[in-house]
Each structure stands twice: as structure tokens, then as C-alpha cells.
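Trainee: Listed in order, the protein sequences are those of chains A and B. For the first sequence, the working numbering assigns the number 2 to the initial residue and increments by one for each residue that follows. For the second sequence, the working numbering assigns the number 2 to the initial residue and increments by one for each residue that follows.
Just so you know, the hints here were simulated from the structure itself, not pulled from any lab data. Just so it is clear, the structure is predicted and the values come from calculations on it, not from any experiment. Treat the hints with care, since some could be wrong.
Just so you know, same-sequence chains aren't split out, so a pair can sit in one copy or run between any two.
Within a straight-line C-alpha distance of at most 20 Å, the following computed SDA-like cross-link-like pairs (lysine to any residue) qualify [as the list claims (entries may be wrong)]: (1) Lys36 - Lys86; (2) Lys86 - Val44; (3) Lys39 - Val74; (4) Lys86 - Gly60; (5) Lys86 - Leu13; (6) Lys86 - Leu20; (7) Lys39 - Leu66.
Protein chains: 2
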Amino acid sequence: MIHPSMPALEILGFVAAVLTTLCWLPQALRTLRTKDTKSLSLVTQSSLTLGVGLWLIYGILLGNLPLILANAVTFVLVVLILAMKLRYG
Amino acid sequence: MIHPSMPALEILGFVAAVLTTLCWLPQALRTLRTKDTKSLSLVTQSSLTLGVGLWLIYGILLGNLPLILANAVTFVLVVLILAMKLRYG
């Protein structure tokens with residue numbers, strides 16, 4: 002959480018992490034609603050999901066809580082988008 | 002680069018970074034070829050681009066070369082996808 006004692010650099014990293022994590026929510030909601038995955042690249046979606054999964058394992062092995070939290074949330078969202086891509090083609 | 006002296010944890014982080022960076026290449030190529038961006042969420046693509054841009058600035062301010070390289074490459078690819086989304090709708 003942003004707190005008055007946080008230095009500017011930490012806030013910048015926090016905002017970057019929130020953006021690259023929660024940005025997947027509108028895509029997941031849009032795809033849930035439209036069931037349209039035609040323009041999504043399956044290779045992109047698969048390798049993104051695998052990559053985020055590896056970041057999550059990396060965070061767990063390092064015991065780095067921000068890395069774990071950000072990648073756990075991202076992983077749930079990108080897995081959902083990948084599952085819809087596999088389902089709707 | 003992967004090198005025999007790299008510990009397993011560093012290799013894991015390296016593979017994760019390569020995947021979450023280069024995964025954007027097939028999406029960019031697919032969209033260049035098909036000009037089809039209908040299923041892509043504009044909010045996702047915009048906030049991803051902004052987030053990656055902030056990660057890049059964060060890496061530059063920290064002087065962290067892997068963070069700079071990964072996010073510079075990612076930024077070029079996601080800006081290209083965002084530009085096509087804005088162009089083709």
C-alpha cells in the first residue's frame with residue numbers, strides 16, 4: 002500500500018506493478034462477456050501464462066512478497082484468458 | 002545470457018523474463034498480418050503499455066540493466082500493439 006513514508010522510487014515501482022497486474026482484468030472481463038478471442042495470439046497467451054507462472058515460483062523461492070502477490074493475481078487473470086482462448090479459439 | 006556459473010534461481014528469473022518479454026512478438030506479428038484487434042481490450046493494452054513504461058523508468062532510475070533491457074524490448078512491442086488497436090479499433 003502507498004504510505005507517506007514510502008520513497009518516490011518505491012511508489013513508482015508499486016504503481017508499475019499495480020498497472021501490469023490489474024491491466025488483465027478488463028481483458029478477462031471483455032472476453033468473458035464477448036466470448037471473442039479471435040485477435041488474441043495463442044502463442045502470446047501461452048508464453049505469457051508460463052512466464053508469469055515462473056515469476057511466481059521465482060518470487061516464492063526468493064520469499065519476495067510483492068513479487069508473489071503481483072504474479073499470483075496476474076497468473077489467475079492470464080490463465081482465465083488463456084482458458085477462454087483455448088475454449089473459443 | 003545463460004552461463005554455466007549461473008545459479009538455478011537466476012536461470013529461472015532469466016527464463017521468466019525472456020518469456021514475459023518475447024511473448025509479445027507473436028501478438029505483434031499476428032496483428033500486423035491480420036489487422037484484427039477486435040478482441041483486444043483497449044484499457045488492458047493502454048494500462049499494460051503505461052505500466053511497462055513505468056517499469057522501464059524504474060529500471061533506469063535503479064540502474065538495473067536486466068530490468069531496463071527486458072522492459073525496453075517489451076515496451077516497443079506493446080506500444081506497437083496499442084498503436085494498431087488505436088488504428089484498427
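Trainee: Which hints from the list above does the structure break, by number from lowest to highest?
Mentor: 3, 4, 5 and 7
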